[in-house]
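**Student:** Here are the chains, one letter per residue:
There are 2 protein chains.
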Amino acid sequence: MGEMSQSNRVGGMKNIYIIGIGLIGGSLALNIKKLNPDAVIYGIDNNAEHLEEALSLNIIDAKAKIDNIVNADLVVLSIPVDSSVIELPKILDNISDDTLVIDVGSTKTDICNVVANHPKRRNFLATHPISGTEFSGPKAAFLELFQNKTNIICEVEKTAFKLQQKAIELFVNIGMRIRYMNPEAHDKHIAYMSHLSHISSFMLGKTVIDKEKNERDIFDMAGSGFESTVRLAKSSPEMWTPIFKQNKTNVIETLEDYIKNLTQFKELIQRDDFDAVFKEMKNTNHIKQILKGIN
Amino acid sequence: MGEMSQSNRVGGMKNIYIIGIGLIGGSLALNIKKLNPDAVIYGIDNNAEHLEEALSLNIIDAKAKIDNIVNADLVVLSIPVDSSVIELPKILDNISDDTLVIDVGSTKTDICNVVANHPKRRNFLATHPISGTEFSGPKAAFLELFQNKTNIICEVEKTAFKLQQKAIELFVNIGMRIRYMNPEAHDKHIAYMSHLSHISSFMLGKTVIDKEKNERDIFDMAGSGFESTVRLAKSSPEMWTPIFKQNKTNVIETLEDYIKNLTQFKELIQRDDFDAVFKEMKNTNHIKQILKGIN
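Chains as they are written, first to last, in the working numbering: chain A, 1 to 295; chain B, 1 to 295.
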């Protein structure tokens, strides 16, 4: 990248609008600013406090309103997925022919469907950066969030060549690897690889809190194992409820599989079939090899 | 601790026998050696390869056999809990009146019961250092494992005063906080705080592997969330099977609660009751405050 000019490292984009200046939007803003200090980052957010925070943390250069996006080179839509499907068509109505609009939501079928026949469909790229933490809001944003993470891009062929190019330059320059999938496959697989993890973690947290609520100090017994499995139960319900709603069918399927496996494991213990209990765990140890190389 | 002599920092104990030189046993060995370089650490392990590894990693000073423990000041029993209940009475048969024997297993009722009437009961202290990783064997051992972690001690009143004192000196000097419980309460609560996490993680791993086994490269979609919830599925089945066996009744109860909560969450999604889905997650977010201060 030595020969690349700074503006090329973000695809020559200068006026950047981030709608939803939280963990993902904020971290993207930090990266764009680092790649191109000349870029002007405008923040748009329903949450006035978050917007002030983003400004004082220098994540954004200025606050803006949705009407201002007419001069945008890039619009990033990083809000809950139920709001995205409402806002995206309106955004496309108001941009220039050269504006790139990306979303970063955890579901891809509904958002692709809602703009399938929009005259500006070519200006939109559906993406899912698989990167996050259990924290939210601009304070949670950090520069390294996307390093060595995967970005799933859907229906790339429906986006204008030049805008595909700009988006991919940006993602590669912030350290991401790109994978292409269709929206339905994305939503089916991400239900297993991400949505189920969140529910398993939330329900683990609930189970333990319900049981132990009257026990003082019992959480002194929590070790790093519990912490690790329950970490995602700190995630934002505002963000996750619409994800489960949009991906309802797939999420229900993963939950049925998971409950079936848990029930079977419980029955093995009840029947004192500890050879089978051992075997189940031994087979699943295989996850070690599978996960190797993710980080 | 400036005025403490080195030998006092491990309760004046010199001949140390570690039976089972894995993650916990090995990490204890490293700590004892650091606190008292004059201590001689003997390793005993069924696994000849682990024993060689422990020796070449300088975790132990020498290999030993179970018959050698007659001169032991401290015997640490850090083997799977089904073996512990067999070995502990034999160990107590063979030690001197001044020897301290501790176990570090994840279940406490059976081990306390098995020596309840042993003439050397006063030489034994039942402990559970709540510290571990998903890795096992001597290579997994490290000095900092116990820093700021909790050690649960059971039936402390049944151990001789002087030996209580030596054990507590050791645990405090390796950075642990001590909590006292009875074995039944320990096993009931640890089922929720630890054993359930392991099963939820193993079954999450199984569910995803079963579903995705024919999908090439699908694990590129795994993010840090999946990694975190599935981490414990890398744990040793050799260690965990006997834990679930000894703690069968409590583990089944936790699994029934967990399955009930998952089923209810699934039904809320099926009924499109997303207000309730939101509320469930919001209530569980409370885990943030609960876990604060664990690390």
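Any given hint might turn out to be false.
One copy or two, either will do: identical chains are not told apart, so a pair holds if it fits within one copy or between any two.
[Unchecked claim] Dumping the calculated SDA-like pairs for lysine to any residue here, alpha-carbon to alpha-carbon at most 25 Å: (1) K279 x G175; (2) K266 x A276; (3) K162 x E87; (4) K65 x D93; (5) K90 x E227; (6) K211 x N285; (7) K213 x I178; (8) K158 x Y180.
No wet-lab data here; the hints were simulated from the structure.
Please read all numbers here as calculations on a predicted model, not as lab measurements.
**Student:** Look at each hint and say if it fits the structure.
**Tutor:** Results of checking the hints against the structure:
1. Taking CA atoms no more than 25 Å apart as the test, K279 paired with G175 passes in neither setting, with 39 Å inside one copy and 36 Å between copies.
2. With identical chains, the CA atoms of K266 and A276 are at most 25 Å apart within one copy only, with a shortest distance of 11 Å there and 28 Å across copies.
3. In this homomeric assembly, K162 and E87 come within 25 Å of each other (Cα to Cα) only inside a single copy, at 23 Å, whereas the closest approach across copies is 71 Å.
4. Taking the shortest Cα distances, K65 and D93 sit within 25 Å of each other inside one copy (15 Å), while across copies they are farther apart (79 Å).
5. Proximity of K90 to E227 under the C-alpha cut-off of 25 Å is found in neither arrangement, the shortest distances being 42 Å within a copy and 37 Å between copies.
6. Within a single copy, K211 and N285 get their C-alpha atoms only as close as 29 Å, which misses the 25 Å cut-off; across copies the closest is 16 Å, which meets it.
7. Only between protomers do K213 and I178 lie at most 25 Å apart by alpha-carbon distance; the minimum there is 22 Å, versus 44 Å within a single protomer.
8. Taking CA atoms no more than 25 Å apart as the test, K158 paired with Y180 passes inside one copy only; the shortest distance there is 12 Å, against 64 Å between copies.
Violation of the numbered hints given earlier is confined to hints 1 and 5; the remaining hints are satisfied by the structure.
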